[in-house]
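Student: In order, the protein sequences belong to chains A and B.
Each residue of the first sequence is one higher than the one before, starting from 1 at the first, in this note's numbering.
Each residue of the second sequence is one higher than the one before, starting from 1 at the first, in this note's numbering.
Worth flagging that the hints you see were computed from the coordinates, not collected in a lab.
Positions of the beta carbon are idealized from the N, C-alpha and C atoms, including for glycine.
Careful: at least some of the hints might be erroneous.
Unchecked claim - Within a straight-line C-alpha distance of at most 27 Å, the following computed DSSO-like cross-link-like pairs (lysine-lysine) qualify:
| id | chain 1 | residue 1 | chain 2 | residue 2 |
| --- | --- | --- | --- | --- |
| 1 | B | Lys6 | A | Lys231 |
| 2 | B | Lys263 | B | Lys163 |
| 3 | B | Lys263 | A | Lys125 |
What the hints assert, rightly or not - Okay, the calculated bits of chain B under chain A, using three or more residues with CB under 8 Å as the criterion:
| id | region |
| --- | --- |
| 4 | 61-68 |
| 5 | 80-91 |
| 6 | 123-137 |
| 7 | 154-163 |
| 8 | 191-205 |
| 9 | 247-257 |
What follows is each chain in one-letter form.
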Amino acid sequence: MTLALQQDGTATRKAKRSNLSSARLRAAWLFLAPMMIALAAVAGWPLLRTIWLGFTDANLTDLSQSQFIGFENYLSYYDGEAYGVLVDAEWWNAVWNTLWFSVISVGFETLFGLLIALILNAEFKGRGLVRAAVLIPWAIPTIVSAKMWGWMLHDQFGVINEILLSVGILSEPIAWTADPSTAMWAVIMVDVWKTTPFMALLTLAALQMLPGDIYEAARVDGINPIRVFFKVTLPLIRPAIIVAVIFRSLDALRVFDLIYVLTSSSTSTMSMSVYARQQLVDFQEVGYGSAAATLLFIVIALLTTITVVAGGLKSGEGEQS
Amino acid sequence: MNRQMKSILFYSLVVVVVIFSVFPFYYAIVTSFRSGQELFNPSVFPTSFTMGNYFSIFKEQPFGLNILNSVIVATSVVVLSLIIAVTASYALARIHFRGRGLLLMTILSVSMFPQVAILSGMYELIRSMGLYNSLPGLIIPNTVLTLPFTVWVLTTFMKELPKELEEAAVVDGASPLTIVRRIFLPLMWPAMVTTGLLAFIGAWNEFLFALTFTLSNEVRTVPVAIALMSGATEYELPWGNIMAASVLVTVPIVVLVLVFQRKIVAGLTAGAVKG
Numbered sequence: 001m002t003l004a005l006q007q008d009g010t011a012t013r014k015a016k017r018s019n020l021s022s023a024r025l026r027a028a029w030l031f032l033a034p035m036m037i038a039l040a041a042v043a044g045w046p047l048l049r050t051i052w053l054g055f056t057d058a059n060l061t062d063l064s065q066s067q068f069i070g071f072e073n074y075l076s077y078y079d080g081e082a083y084g085v086l087v088d089a090e091w092w093n094a095v096w097n098t099l100w101f102s103v104i105s106v107g108f109e110t111l112f113g114l115l116i117a118l119i120l121n122a123e124f125k126g127r128g129l130v131r132a133a134v135l136i137p138w139a140i141p142t143i144v145s146a147k148m149w150g151w152m153l154h155d156q157f158g159v160i161n162e163i164l165l166s167v168g169i170l171s172e173p174i175a176w177t178a179d180p181s182t183a184m185w186a187v188i189m190v191d192v193w194k195t196t197p198f199m200a201l202l203t204l205a206a207l208q209m210l211p212g213d214i215y216e217a218a219r220v221d222g223i224n225p226i227r228v229f230f231k232v233t234l235p236l237i238r239p240a241i242i243v244a245v246i247f248r249s250l251d252a253l254r255v256f257d258l259i260y261v262l263t264s265s266s267t268s269t270m271s272m273s274v275y276a277r278q279q280l281v282d283f284q285e286v287g288y289g290s291a292a293a294t295l296l297f298i299v300i301a302l303l304t305t306i307t308v309v310a311g312g313l314k315s316g317e318g319e320q321s
Numbered sequence: 001m002n003r004q005m006k007s008i009l010f011y012s013l014v015v016v017v018v019i020f021s022v023f024p025f026y027y028a029i030v031t032s033f034r035s036g037q038e039l040f041n042p043s044v045f046p047t048s049f050t051m052g053n054y055f056s057i058f059k060e061q062p063f064g065l066n067i068l069n070s071v072i073v074a075t076s077v078v079v080l081s082l083i084i085a086v087t088a089s090y091a092l093a094r095i096h097f098r099g100r101g102l103l104l105m106t107i108l109s110v111s112m113f114p115q116v117a118i119l120s121g122m123y124e125l126i127r128s129m130g131l132y133n134s135l136p137g138l139i140i141p142n143t144v145l146t147l148p149f150t151v152w153v154l155t156t157f158m159k160e161l162p163k164e165l166e167e168a169a170v171v172d173g174a175s176p177l178t179i180v181r182r183i184f185l186p187l188m189w190p191a192m193v194t195t196g197l198l199a200f201i202g203a204w205n206e207f208l209f210a211l212t213f214t215l216s217n218e219v220r221t222v223p224v225a226i227a228l229m230s231g232a233t234e235y236e237l238p239w240g241n242i243m244a245a246s247v248l249v250t251v252p253i254v255v256l257v258l259v260f261q262r263k264i265v266a267g268l269t270a271g272a273v274k275g
């Protein structure tokens, strides 16, 4: 009897709870609806249209006058000659430039970011001021930093040539952003300058979460600080650094502003984004440009999926151990 | 002695880092006060002090209007994103439902995908709505940048709040909307200020859409106006004006970032590391 009553009680409580949770579920979807509609409208729909336009011969002057042409923008043959993005040397040059830019600049940013994070993690006079100074490049808009460096790297009146000439490192001024052999390095340098603070801040946040007693123990045991760094610090902050590297790499692969402003459409620095926009807007070839943009999207989507899957597996392993 | 050497080495490294970080901005300020022939004097130190460039950017171009455009676009896009994001992030952080992980991953990927991939689709959309070359035509594409970011960061912040906060309210039968409004909103203000600030900086710096979806100087935002500033001839760029404009729009951002330093670091780490 009492048992039955009790069961009855739990049943109603359960019913009440499931009512409550189903109300919460409904509320959840209601709460998510505006965001999902907004994202579908400003991201999903335009993306689908871009992919579609990549299969048409659309022109910027009148987008409504476009015809489906299948994969012709990607690859097609006329009289035994291959045409399309996939056989365009300039496209592959852009792919190569983008990969080169991403690997080199993210590499340097990680290295310098780690160095600056280690400096800021040490106790010294004026640390607050140094941190503020380091943060400045991050706060400066990309276009502004491109213009500032463009002026400093100016071939005739640039301060960098002036300094290097007066010290004797250079014997004659260099057109840093125009010369094909230095243009990419100029772009990389500005990017490293601009985004190292981001890396430094994320690395510093990871460093500050490390337990202090490990270092105390290592110090008491008289272990070489360099050894401690490689054996203790680096493995502990590695997950945070990997996440930061992924974020920065995905950001670097879509680089547009910096290259467009610093070196405009020079082939030696042209990235995939710059190439796609040039086709779309400057040459008005919306179909062809959309095909290139779709390829860029596929590259980034693949890399994102791989990292997310790999990251998911990694964190699963972490939970197990 | 060894210790002294170490400390000297350390401080010289600090000095190099600081100079490398600050010098370009310092030099832009120095240049912005040079005009005429003085501009071609590549001295590192201030040599002249004239306000000419600062006056001419407002006289020769509609730079005041450009600033106003940027303020309007960035503010509307941030306010819009925050309003949509605050309820969405409550659902994502506090309610367990199927497909939540997938939705979060989708949101993260949208914030990571290349803007150029939606350029032609967005152009078509803006054109068909008759918004080409107008400020609403810039606000719409900018939400792609700010909305996923705001949702992601607010969700991370919201997850950190203790569970007990809403338990009592749930038991008392308060509706989810009441819970958001009465319990979370008051607690989320600091996080919303941080997120809003970061989103504002993002929208303020946006270049690709602003460059592609505008035609006349009167609707351009600051980054496009600075990038396209031209001189009397094609080969002669008005560096003095460009530097004055750059300094003018960067100083407020730098001040904001330095004032909100700690909050920004918290927001950035919430956006990346804890993801």
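Student: So, for every hint listed, does it hold in this structure?
Tutor: Structure-based check of all given hints:
no.	hint	verdict
1	B:Lys6 to A:Lys231	22 Å, holds
2	B:Lys263 to B:Lys163	23 Å, holds
3	B:Lys263 to A:Lys125	22 Å, holds
4	61-68	violated (count 0)
5	80-91	holds (count 6)
6	123-137	holds (count 4)
7	154-163	violated (count 0)
8	191-205	holds (count 3)
9	247-257	holds (count 6)
In this structure, the earlier hints numbered 4, 7 are contradicted, and the remaining ones agree with it.
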